[in-house]
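Going line by line, the protein sequences match chains A and B.
The opening position of the first sequence corresponds to residue 1 in my numbering, with each subsequent residue numbered one higher.
The opening position of the second sequence corresponds to residue 291 in my numbering, with each subsequent residue numbered one higher.
Quick caveat, the hints were computed from the structure, so don't treat them as lab data.
Cβ coordinates follow ideal geometry from the N, Cα and C atoms, glycine included.
Heads up, some of the hints might be wrong.
FRET-style restraints, in silico, Cβ to Cβ [unchecked claim]: (1) B:562 with A:180: 29 to 35 angstroms; (2) B:555 with A:251: 50 to 56 angstroms; (3) A:68 with B:338: 30 to 36 angstroms; (4) B:535 with A:199: 54 to 60 angstroms; (5) B:518 with A:115: 52 to 58 angstroms; (6) A:6 with B:358: 48 to 54 angstroms; (7) B:369 with A:199: 33 to 39 angstroms; (8) B:535 with A:234: 34 to 40 angstroms; (9) B:358 with A:176: 41 to 47 angstroms; (10) B:377 with A:180: 20 to 26 angstroms; (11) A:184 with B:337: 40 to 46 angstroms; (12) A:176 with B:385: 35 to 41 angstroms; (13) A:199 with B:384: 27 to 33 angstroms.
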Amino acid sequence: MVRQNKTANRIITIILILLSCVFILPILIVLMNSFKGKLFISDQPFVFPTFFKRDLGEAGIQPKTFVGGKNYASGIEKIHFWSAFGRSVFITVFAVLIIVLFTAMTAWFITRVKGHYSSSLYYLFVFSMVIPFQMVMFPMTKVANVLHLDNPIGILVLYLGFGAGMSVFMFSGFVKGIPIDIEEAATIDGCNPMQCFFKVVFPVMKPTIITVAILNTMWVWNDYLMPYLVMGKDYPTIPVAIQYLQGGYGSIDMGAMMAMLILAIIPIVVFYAFCQKYIIEGVVAGAVKG
Amino acid sequence: MQRTLRKYWAVFTLPTLVCFILAFFIPFIMGFGLSFAKFTTIVDAKFVGFSNYIKAFSGDASFLSALGRSLIFTAACVVLINLFGFTLALLLTRKMRGTNVFRTIFFMPNLIGGIVLGYIWQLIFNGVLAKFNQTLTTDGKYGIIGLIILMCWQMTGYMMVIYIAGLQNVSPDLIEAAQIDGASAWQTLIHVKIPMVMPSITICMFMTLANSFKLFDQNLALTNGAPDDTSALVALDIFKTFYSRTGYEGVGQAKAVIFTIIVAVIAFVQLHATREKEVEN
């Protein structure tokens, strides 16, 4: 029985290793192509870059296809990668901060204070979770234009508004589970509601804060449609800038495209490497509760 | 405490509420109203009754065919992703070395954004199809099949981690009891593990269902509907009706309302299904 299990495990491990390769391969192929000249990518993406020009006799001359960091340099210049990167970081960090802070406050209030106001807010937020972005995208863009929210600071308002549903819902679910006694004790000790929230409630919320922060980070960082419609060419984020590389320059520069895809993936891989445990736990918690 | 907290309602709820009204509530009401109007800039909206809804289904058949494609695409994704995700979860919950490394790798594609994913796979598919003198945009079928493969690659790991969490909650005593009773591995799976992780299965089915049906970014980046919108799913069809055809904004909004109703119905059925499961437990 034990021996049988061992052989079975060995076979499964081999299958899993092969599968892992299949999962990573697409990214490695893009990485490999990002070092090739732009004319040698579309036709033969599965061929390694060649480092020397070689005469193959009758088969013709094999060109040198390795171009070093040239694609990276031209891509960074074409889409102004660093400013798009800075913008994406700015928007993601601040959107997530205000979403976590304000929706946690709102969720605590509507869970603790009973009444029509609280319950109507709660149902409105839950209702908004169901509505797809396409339903509101056109009017929302107009509202954003009229109110001058079409810049990296203004879009934070839209992210808080559109992200409120899920975040309030998740925080409310958590607050319902914490005993009210601690908060009452803090009030008796002379805390006003603000102190009570920041000194007692907010620290207790930590696990849900991590979950909400991670789900929103993944959403805002990768979001394409909202920044494209609201800010467009004036303030492109990374996904928008990459899409413009395809659309805006006539024939597409495959070399620059490959390099920019790699640069777009690197921050995600770094983030994942550091917070892997929290990300997977957060995603599972989000799915099970949401 | 309730009474003092009530006085602070503005501090606690107003920031979220104001943003919510601006970003969601007003646009939602406007969107609903505009689906009954003809307009190009909203200010010039004229009431036209149900004609946008009629146009959405007649006139050009792009919406109905996109809906059909989305239906097939979604069905394929739900079946394949859950099958792969559950199988991987079963393999990774055996007591083996290295399961954490595998879990990390399989989950990773899920973090990459749709636009980037679309271009990664565009390169791969075009490279493979080039061997047969074809490209992704030769036939709409290629775009849809490509999207199914892309979605499997992206979401299998996501569903896998949810199934792993579910399987880890199955009490080992239960499995041991089944084995003592002489159940084979297959019987344990069918009669013990699967019934015990039914809540996870419900969650995963609906998540893949909703995500596939609402898919947009990947569709845009992989083929952008080419050739002739034969690889466009519903969300992309709505987007194109809004932004690539002047005079059709109202029709686009009407399509968006229909899309919203379908998504809401799916969510309602999901709520019902998960509630029922809770009662059983």
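Against the structure, the hints:
| no. | hint | verdict |
| --- | --- | --- |
| 1 | B:562 with A:180: 29 to 35 angstroms | 31 angstroms, holds |
| 2 | B:555 with A:251: 50 to 56 angstroms | 44 angstroms, violated |
| 3 | A:68 with B:338: 30 to 36 angstroms | 59 angstroms, violated |
| 4 | B:535 with A:199: 54 to 60 angstroms | 56 angstroms, holds |
| 5 | B:518 with A:115: 52 to 58 angstroms | 55 angstroms, holds |
| 6 | A:6 with B:358: 48 to 54 angstroms | 50 angstroms, holds |
| 7 | B:369 with A:199: 33 to 39 angstroms | 50 angstroms, violated |
| 8 | B:535 with A:234: 34 to 40 angstroms | 24 angstroms, violated |
| 9 | B:358 with A:176: 41 to 47 angstroms | 42 angstroms, holds |
| 10 | B:377 with A:180: 20 to 26 angstroms | 45 angstroms, violated |
| 11 | A:184 with B:337: 40 to 46 angstroms | 55 angstroms, violated |
| 12 | A:176 with B:385: 35 to 41 angstroms | 37 angstroms, holds |
| 13 | A:199 with B:384: 27 to 33 angstroms | 46 angstroms, violated |
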